[in-house]
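So the protein sequences, as listed, match chains A and B.
Sequential numbering of the first sequence, starting at 71, is according to the numbering used here.
Sequential numbering of the second sequence, starting at 193, is according to the numbering used here.
None of these hints come from the bench; they were simulated from the model.
Just so you know, these numbers come straight off a predicted model, no measurement behind them.
Quick reminder that beta carbons are idealized off the backbone N, C-alpha and C, glycines included.
Treat each hint with caution, since some may be false.
Simulated pairs of lysine-lysine, BS3-like, Cα-Cα distance not exceeding 27 Å [what the hints assert, rightly or not]:
#, chain 1, residue 1, chain 2, residue 2
1, B, 510, A, 130
2, A, 141, B, 510
3, A, 75, B, 936
Partial pick of chain B residues on the chain A-facing surface, computed with a CB cut under 10 Å [as the list claims (entries may be wrong)]:
#, residue
4, 629
5, 630
6, 898
7, 899
8, 904
What the simulated footprint calls covered on chain A by chain B, stretch by stretch (three residues with Cβ under 8 Å from a Cβ of chain B suffice, anywhere in the stretch; the number is not a length) [claimed, not checked]:
#, stretch
9, 84-92
10, 95-108
11, 120-127
12, 130-141
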Amino acid sequence: MSVIKVPEADIAGWTCATCGTELVLAPVELEYLDSLFNVELPRCPSCGFVYIPEGLALGKMHQVEQLLEDK
Amino acid sequence: MEQAELRQWEQQCVQEEVPWCLAACPLHVDAKAFCALMAQQRWDKAWMVLAKTLPVPGILARLCDAPCQEVCVRKDVGGAIEMGRLERFCAENAKPVAPPRRLPSRGKSIAVFGGGLTGLCGAWELARRGFDVTLSCSVVGEGLPALPDGVLDAEVASLEKLGVVIRRSESLPLERLQDCLVDSDAAFIDSASVPEDWTVFLGEPDAMTLGTTQLGVFSSPAGESSAIMQAAAGRRAANSVERFTQGVSMVSGRDHEGPYATRLFTNLASVDVVEPIKTSGPYSEDTARDEAKRCLQCECMECVKGCEYLRHFNYYPKVYVRQVYNNESIVMGTRQANTLINSCMLCGLCETVCPEDFSMADVCLQARQTMVETGKMPQSAHEFALRDMAFADGDRCTLARHAPGESSSEYVFFPGCQLTASDPEGVMAAYGDLRDRLGAVGLMLHCCSAPAAWAGRQALAEASMATLKQQWEDLGCPRIIAACPTCLKTLRQGLPDVEILSHWSILRAVGLPSGAMSVPCPLAVNDPCAARYDPLLREDVRAVLDRMRVEMVEPAYNGELAQCCGYGGLVSEANPDLGLAVADVRAKGADEDFVTYCIMCRDMIAKTGKRAMHVYDLLYPRQDDPAARPSPGYSARRENRVRLKEQLLRDVWGQDETHTVEPYESIEFDVTDAVARSMEDRRILKSDIQKVLLQARESGTRLVNRETGYFLASFRPVVMTYWVEYEERAAGLLVHRVWCHRMKIQGAQP
């Protein structure tokens, strides 16, 4: 599966508070209604905590959710 | 939905039925389109409408006797549109158009006899369909009244351009007819323009086919004086010739060939009387335009006029029902009509105003039930409402008790889960008043199951109804007093054998509670859509308001025509923007402050910024300006229900039973105004935020922003992942942003 890159997912000053590590863009698996997407998202390289920005959640991600619900 | 059901629904919607003028015209001229163009002074375009349908249009438009005027819907509101005069104006003033393009030759030769209007029209109709036509006549244009110079010649030239071979000055002995049967594939006789022995020989033609005693010879009926009917005979003959030469049925499917009746309904209730333009001579450009403007542009759209939902999707039920049917038929691919199906308020207004009783509610509810059964209902559509219903039906909110000190109940008060959510104090006061004056009145706090039914979840609705029925039986089957119109309707459907009264009928019988107040200014009485079929309920409420000396005005679309407030059918959940638009339309129904007996109407109208109060605000006054009370948010609604139960147990039954506090409930935080709005828009509860904050505190998993120092945490308690951006201040936590999504992050993310 190819990795989807989303321009909205910039790192925008966030670091992992737990590990004190800068976030890096890395492939992350998202799942909804039995569909899996491999998306490049900001993630803590140490603990793996993934950041989903508001614009992405309410924008493209929401559109995909609706599309899957209507399939 | 089966295809037969689709057909039945489609048949029920009359919006696509043709206008009366078009149906009554023997040639079916689109007079509505013609008038629309004439009203815009687009004479040339209007002429094209006529020329598309009329044979020899230059002649016929000048001679048309306009039978459409007899059925014109405008005739009862001023007088029929003067279609004949408009046609003549157009014929005189528009740019002539070339005759229609002839279809490829069929290789069939047809003999037409007689050069009167019928013969010319028959030749025109046959030639344009690709027949090789020879028109034999003694005089071209025989019997026609005087026409302006050049008109007849121009149309004859058009006929020749269409390929008609005209043999003028022909004598027509009967042998010619017999000869032609050998040389031609069929013949058409203009009976008004041939010798009498021909018509005697052929006999009276069949009314439908115009067929005569001679096979393949068609003839116009004798004695027809109407020009448009003469032209129609030409077209009917052309249709028959076409069928005859193709060897297909001469009779099937010809019902709509001549004038026929239509079912199109056009409401005249709000149409002003406007009389035809009066002028003795020909129309000027202005008078022609003004006369055409009187055309009502007939259509039905009765349901769409009063329903923001039906208007929102740009069409009308006939189109929608097909979209719903197609939606259900899709096996692979995107179902396009899910939003349409889930946006109906299920309020029944369309059925009430429809001349044919079309119910979009029935179509949509059935579709929702099927979607649920087949697992195709989008999860996001009703999930929040169903979670809220589950909460209202949960232990922290439900109650079923006899009045304190009583071991039986003559009545049980059923306020409904939305009234308890929005106005717990009002419910407390109402229950106290009922006990004071009726004695043994028990109390039931439960959802009536309407949200599940609206969401198409029949099994869930039945289970909820079964539980409340059991609780009611355990109370000894008392009479139910319901305050909410939706509860009344739903309980009466679910418990048909139970005596269910409205709180308003009780108050009408026993009188007002002490302390009931009035207001000095008139109020608009809002009937909720649930009271549409309950005139007694509407009357009881008005009687109660009347006793309070409330001066009442009726908003637009009230009573049995009540518009929904935007909550019904869960539209505000499945389509929040539309829900608000619907509420806005309802709120604009009156200038005065609203008073309503449905708390969801109160809250939805209040959400639009319009002042609205519930009748309880007047019966059991608790604040100075109840119409200014904002609609409580989703979190407050839940807390109100919980607090009401606790307060009732404590104050009424003397039990101090506080529920077990969940760990997340101890998390305190403030929100910015923007977050408060986001929480409502995104259906994020205070408890959802508390769960995220607790999870972050316990796990330490969170992000921090280098610039602002704010933290960001996420948590997925069940089906949604919530994100909370917050600041740790000395005074406590302040939440700056919240959002959520349904997608799950695979891996260890909590």
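These are the hints, each one checked on the structure:
A distance of roughly 33 Å separates the Cα atoms of residue 510 of chain B and residue 130 of chain A; the hinted pair therefore is violated under the 27 Å criterion. Between the alpha carbons of residue 141 of chain A and residue 510 of chain B the distance comes to roughly 24 Å, so the proposed pair stays at or under 27 Å and holds. At roughly 17 Å between alpha-carbon atoms, residue 75 of chain A and residue 936 of chain B fall within 27 Å of each other, so this suggested pair holds. A distance limit of 10 Å between C-beta atoms decides the matter here; for residue 629 of chain B the minimum to chain A is near 51 Å, and the interface restraint is violated.
The restraint placing residue 630 of chain B at the interface with chain A is violated, with a minimum CB-CB distance near 49 Å, outside the 10 Å limit. The interface hint given for residue 898 of chain B holds, since its Cβ lies 5 Å from the closest Cβ of chain A, which is under the 10 Å cut-off. Interface hint status for residue 899 of chain B: upheld, as the beta-carbon distance to the closest one in chain A is roughly 5 Å, under 10 Å. The beta carbon of residue 904 of chain B is positioned within 10 Å of a beta carbon in chain A (closest approach about 6 Å), and the interface hint is therefore held.
Only residues whose beta carbon comes within less than 8 Å of a beta carbon in chain B count, and the stretch 84-92 of chain A has 5; three or more means the coverage holds. Three residues within the 8 Å Cβ limit are the bar, and the stretch 95-108 of chain A against chain B gives 8, so the coverage statement holds. Using a Cβ-Cβ cut-off of 8 Å, 5 residues of the stretch 120-127 of chain A lie near chain B, which meets the minimum of three, so the contact claim holds. Under the rule that three or more residues need a Cβ within less than 8 Å of chain B, the assignment of the stretch 130-141 of chain A holds, with 9 such residues.
The structure is inconsistent with the numbered hints 1, 4 and 5, although it conforms to all the rest.
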